[in-house]
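Number of protein chains: 4
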Amino acid sequence: MSIRIFLTGGTFDKEYNELTGQLFFKDSHLPEMLDLGRCLVAVDIRTLMMIDSLEMTDIDRDLIALHCAEADEQHIIITHGTDTMAHTARLLSQKIKNKTVVLTGAMIPYKFGSSDGLFNLGSAMAFVQTLPQGVYIAMNGRFFDANNVQKNKETGVFEEVE
Amino acid sequence: MSIRIFLTGGTFDKEYNELTGQLFFKDSHLPEMLDLGRCLVAVDIRTLMMIDSLEMTDIDRDLIALHCAEADEQHIIITHGTDTMAHTARLLSQKIKNKTVVLTGAMIPYKFGSSDGLFNLGSAMAFVQTLPQGVYIAMNGRFFDANNVQKNKETGVFEEVE
Amino acid sequence: MSIRIFLTGGTFDKEYNELTGQLFFKDSHLPEMLDLGRCLVAVDIRTLMMIDSLEMTDIDRDLIALHCAEADEQHIIITHGTDTMAHTARLLSQKIKNKTVVLTGAMIPYKFGSSDGLFNLGSAMAFVQTLPQGVYIAMNGRFFDANNVQKNKETGVFEEVE
Amino acid sequence: MSIRIFLTGGTFDKEYNELTGQLFFKDSHLPEMLDLGRCLVAVDIRTLMMIDSLEMTDIDRDLIALHCAEADEQHIIITHGTDTMAHTARLLSQKIKNKTVVLTGAMIPYKFGSSDGLFNLGSAMAFVQTLPQGVYIAMNGRFFDANNVQKNKETGVFEEVE
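Chains as they are written, first to last, in our numbering: chain Z, 1 to 162; chain R, 1 to 162; chain C, 1 to 162; chain W, 1 to 162.
In case anyone wonders, no lab produced these hints; they're calculated from the structure.
Some hints could be false.
Said to hold, decoys possible - In the EDC-like style, the derived pairs of lysine to aspartate or glutamate whose C-alpha atoms are separated by at most 16 Å in a straight line are:
{"#": "1", "chain 1": "W", "residue 1": "111", "chain 2": "R", "residue 2": "72"}
{"#": "2", "chain 1": "Z", "residue 1": "153", "chain 2": "C", "residue 2": "18"}
{"#": "3", "chain 1": "C", "residue 1": "153", "chain 2": "Z", "residue 2": "15"}
{"#": "4", "chain 1": "W", "residue 1": "151", "chain 2": "R", "residue 2": "18"}
{"#": "5", "chain 1": "R", "residue 1": "111", "chain 2": "W", "residue 2": "44"}
{"#": "6", "chain 1": "Z", "residue 1": "111", "chain 2": "C", "residue 2": "18"}
{"#": "7", "chain 1": "W", "residue 1": "111", "chain 2": "R", "residue 2": "18"}
{"#": "8", "chain 1": "R", "residue 1": "111", "chain 2": "W", "residue 2": "18"}
{"#": "9", "chain 1": "C", "residue 1": "111", "chain 2": "Z", "residue 2": "32"}
{"#": "10", "chain 1": "R", "residue 1": "151", "chain 2": "W", "residue 2": "18"}
{"#": "11", "chain 1": "W", "residue 1": "153", "chain 2": "R", "residue 2": "15"}
{"#": "12", "chain 1": "C", "residue 1": "151", "chain 2": "Z", "residue 2": "15"}
{"#": "13", "chain 1": "Z", "residue 1": "111", "chain 2": "C", "residue 2": "15"}
{"#": "14", "chain 1": "C", "residue 1": "111", "chain 2": "Z", "residue 2": "15"}
Stated by the list, open to error - Some residues of chain R that are not near chain W, with every Cβ distance over 10 Å (derived):
{"#": "15", "residue": "11"}
{"#": "16", "residue": "14"}
{"#": "17", "residue": "52"}
{"#": "18", "residue": "66"}
{"#": "19", "residue": "90"}
{"#": "20", "residue": "91"}
{"#": "21", "residue": "114"}
{"#": "22", "residue": "133"}
Stated by the list, open to error - Below, a sample of chain W positions facing chain R; criterion: calculated Cβ distance under 8 Å:
{"#": "23", "residue": "11"}
{"#": "24", "residue": "16"}
{"#": "25", "residue": "19"}
{"#": "26", "residue": "25"}
{"#": "27", "residue": "26"}
{"#": "28", "residue": "30"}
{"#": "29", "residue": "31"}
{"#": "30", "residue": "40"}
{"#": "31", "residue": "108"}
{"#": "32", "residue": "113"}
{"#": "33", "residue": "114"}
{"#": "34", "residue": "156"}
{"#": "35", "residue": "159"}
The model shown is predicted, which means the values in this text are computed figures rather than measured ones.
For every residue, glycine included, the Cβ atom is placed at its ideal position computed from N, Cα and C.
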């Protein structure tokens with residue numbers, strides 16, 4: 001089984017600029033994280049964008065959907081900022097019917113040492129291999145159907161809508 | 001869904017004794033790792049033993065099987081040293097038929113900072129929720145059926161027997 | 001020898017707010033860092049403020065000077081943001097003549113895992129025990145006299161003025 | 001000021017072999033640690049040996065002394081296992097009279113993430129620039145004269161002999 005990984009940015013890949021004290025994007029840490037996890041699943045990683053998900057437009061989401069539709073792989077992981085992850089998942093679920101797509105992210109940047117990112121990536125890698133066709137969010141060790149998930153803005157936790 | 005986690009030791013939980021320079025077991029880091037991963041799946045953690053898997057006897061394995069059989073949960077994760085993980089999985093698969101059991105471990109102790117453990121725990125947590133009844137090993141982002149898996153002693157990698 | 005440590009904030013002690021994605025101050029990590037370094041020098045730690053040094057006013061600096069003057073200890077370390085550290089050091093050097101005062105900080109928050117803070121704290125702890133009376137900055141493994149030091153804004157490095 | 005650093009091994013540079021579960025030496029982490037500390041002091045690093053200090057012989061110590069005597073630099077740091085560090089320091093102090101030599105080490109390997117090594121290296125770097133000629137041990141934020149120091153085997157802490 002081969003898995004396509006699309007990178008879009010989000011907290012996952014943020015870094016600290018020591019001159020300005022601001023957070024910014026440089027390169028993705030996905031390859032380094034897969035090495036650390038000694039992951040031996042065949043993957044093909046593509047960076048589609050590298051942005052904060054609050055800045056993601058529906059044009060960006062169409063681009064993501066297009067790449068999902070055209071990928072040869074049947075199993076796709078998308079790294080994504082958590083703020084609008086549920087919105088992107090919902091749009092994708094309308095367009096991608098015959099593949100398993102798992103969106104995941106992180107609350108703490110991987111570079112900050114105490115990140116949830118590696119745990120989330122491990123769970124996304126497993127969910128994408130085992131869940132039936134559809135679009136899902138993998139966070140907090142759980143998976144959610146794209147049509148029944150929201151991020152609780154107060155707690156930062158993903159939950160079913162009802 | 002509630003998940004039972006049985007701890008048996010292994011590299012996962014080894015620590016460095018700074019007075020003797022030896023590795024040893026103290027407390028498990030599982031709760032800390034689940035916190036780090038912001039895992040919100042309901043879990044019940046029990047320590048059955050805290051040993052190097054090279055020292056595990058078949059009496060120990062019977063004890064593990066007994067706990068798996070008697071657990072209320074249908075979904076069980078077992079942390080285990082990698083050296084004899086395949087052997088334990090095979091024995092369990094003969095005794096536990098109606099539950100999903102996932103064994104996982106680590107090549108590098110969690111306390112050593114650059115461990116694969118958090119990634120493996122994330123994938124085990126996902127596999128145990130989605131795989132059908134049976135006994136499995138989750139390592140390197142992959143899952144293996146208990147009756148067709150071995151650890152390659154030269155590379156340290158888990159692989160199918162044939 | 002007993003050493004007084006005054007905390008004023010700075011990058012040293014910044015944390016990442018996972019709900020807002022902003023950096024903020026909570027508690028100081030100094031005690032944890034001294035534990036990690038297995039530091040056995042007698043210290044007395046006091047938090048005077050917990051701010052970004054760009055927001056520090058000369059009233060704040062007068063307060064720091066007052067505490068330095070009134071401290072029983074002859075050896076004082078001050079943790080401080082790097083942006084205005086040289087300015088504070090210069091003001092202190094005019095008021096504190098009979099003690100050894102060492103200011104130090106970090107370019108990367110300690111909580112981010114790959115911080116220079118622990119190295120800087122180790123060097124500050126050593127310099128404060130061995131340098132003659134005066135006010136100094138300890139950064140990058142070096143020490144600078146308070147009256148001949150500036151932060152190079154482009155490189156982020158402390159250097160002599162001429 | 002230029003500083004010579006001699007590496008001899010010790011816990012500082014131990015790594016974990018994930019196939020055997022044993023600790024071993026590969027390359028030194030000193031350059032990486034100095035980068036992490038953003039150290040800008042001019043240094044020249046030489047590896048003399050890479051061994052556990054319990055295996056160090058007096059022939060090894062003569063070699064270290066010879067290198068200290070012949071170095072162009074007046075300021076020398078030696079990384080060394082803690083078990084026989086006091087013994088080596090005493091021998092060096094008989095032979096090296098006109099330079100400042102500071103031995104330091106670590107209780108936890110640097111690669112294990114929660115090491116005291118970076119703190120100790122920061123303090124050694126500062127002590128070697130400021131202490132008068134002589135041979136010293138820098139551990140736990142303190143410095144000790146080579147002729148009045150021992151490692152307390154029960155606590156792992158360096159202390160004056162009386």
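So, going through the hints one by one against the coordinates:
Restraint check for residue 111 (chain W) and residue 72 (chain R): the C-alpha separation of about 41 Å exceeds 16 Å, so the hint is violated. The suggested pairing of residue 153 (chain Z) with residue 18 (chain C) holds, with an alpha-carbon distance near 11 Å, which does not exceed 16 Å. Between residue 153 (chain C) and residue 15 (chain Z) the CA atoms are separated by roughly 20 Å; this puts the pair beyond 16 Å, and the hint is violated. For the hint linking residue 151 (chain W) to residue 18 (chain R), the alpha-carbon distance of about 13 Å falls within 16 Å, and the restraint holds.
As the CA atoms of residue 111 (chain R) and residue 44 (chain W) are separated by approximately 32 Å, the hinted pair breaks the 16 Å bound. For the hint linking residue 111 (chain Z) to residue 18 (chain C), the alpha-carbon distance of about 14 Å falls within 16 Å, and the restraint holds. Between residue 111 (chain W) and residue 18 (chain R), the direct Cα distance comes to roughly 14 Å. Compliance with the 16 Å bound is thereby established for this hinted pair. A distance of roughly 14 Å separates the Cα atoms of residue 111 (chain R) and residue 18 (chain W); the hinted pair therefore holds under the 16 Å criterion.
A C-alpha spacing of about 20 Å is found between residue 111 (chain C) and residue 32 (chain Z), which places the hinted pair above 16 Å, so the restraint is violated. Straight-line distance between C-alpha atoms of residue 151 (chain R) and residue 18 (chain W) comes to about 13 Å, which keeps the hinted pair within the 16 Å bound. The hinted pair formed by residue 153 (chain W) and residue 15 (chain R) fails the criterion: a straight-line CA distance of about 19 Å is larger than 16 Å. For the given pair, residue 151 (chain C) sits about 22 Å from residue 15 (chain Z) by alpha-carbon distance, which is inconsistent with the 16 Å threshold.
Taking the CA atoms of residue 111 (chain Z) and residue 15 (chain C), the gap is about 13 Å. The hint holds against a cut of 16 Å. Taking the CA atoms of residue 111 (chain C) and residue 15 (chain Z), the gap is near 13 Å; set against the 16 Å cutoff, the hint holds. Not every Cβ of chain W is farther than 10 Å from the Cβ of residue 11 (chain R); the closest lies at roughly 7 Å, contradicting the non-interface assignment. A Cβ of chain W approaches the Cβ of residue 14 (chain R) within 10 Å, the least distance being about 8 Å, so the stated non-interface status is violated.
For residue 52 (chain R), the non-interface assignment is contradicted: its Cβ lies about 8 Å from the closest Cβ of chain W, within the 10 Å cut-off. The Cβ of residue 66 (chain R) sits about 28 Å from the closest Cβ of chain W, beyond the 10 Å cut-off, so the non-interface label holds. Non-interface call for residue 90 (chain R) relative to chain W: holds, since the shortest CB-CB distance, roughly 22 Å, exceeds 10 Å. Residue-level check passed: residue 91 (chain R) sits 23 Å from the nearest beta carbon of chain W, beyond 10 Å.
Its beta-carbon lying about 7 Å from the closest one in chain W, residue 114 (chain R) breaks the requirement of being farther than 10 Å from that chain. At roughly 32 Å from the closest C-beta of chain W, the C-beta of residue 133 (chain R) stays outside 10 Å, upholding its exclusion from the interface. Given the 8 Å rule on beta carbons, the hint for residue 11 (chain W) holds: about 7 Å separates it from the nearest Cβ of chain R. The beta carbon of residue 16 (chain W) is positioned within 8 Å of a beta carbon in chain R (closest approach about 6 Å), and the interface hint is therefore held.
Hint status for residue 19 (chain W): holds, given a least beta-carbon distance of 5 Å to chain R, under 8 Å. Here the hint on residue 25 (chain W) is broken, as its CB sits about 13 Å from the closest CB of chain R, past 8 Å. Because the closest C-beta pair between residue 26 (chain W) and chain R is about 14 Å apart, greater than 8 Å, the hint is violated. Nearest Cβ of chain R to the Cβ of residue 30 (chain W): about 18 Å, over the 8 Å cut. The hint is violated.
At a threshold of 8 Å, the smallest CB-CB gap from residue 31 (chain W) to chain R is about 18 Å, leaving the interface hint violated. Residue-level restraint check for residue 40 (chain W) is violated (minimum Cβ-Cβ distance to chain R is 26 Å; threshold 8 Å). Hint on residue 108 (chain W) holds. Least Cβ distance to chain R is approximately 6 Å, under the 8 Å limit. The criterion of a C-beta within 8 Å of any C-beta in chain R is met by residue 113 (chain W), whose closest approach is roughly 2 Å, and the hint holds.
Below 8 Å, beta-carbon pairs count as interface contacts, and residue 114 (chain W) has one with chain R at about 7 Å; its hint therefore holds. Look at residue 156 (chain W): its Cβ gets to within about 5 Å of chain R, closer than 8 Å, so that hint holds up. With a least beta-carbon distance of about 15 Å to chain R, the hint placing residue 159 (chain W) at the interface is violated under the 8 Å criterion.
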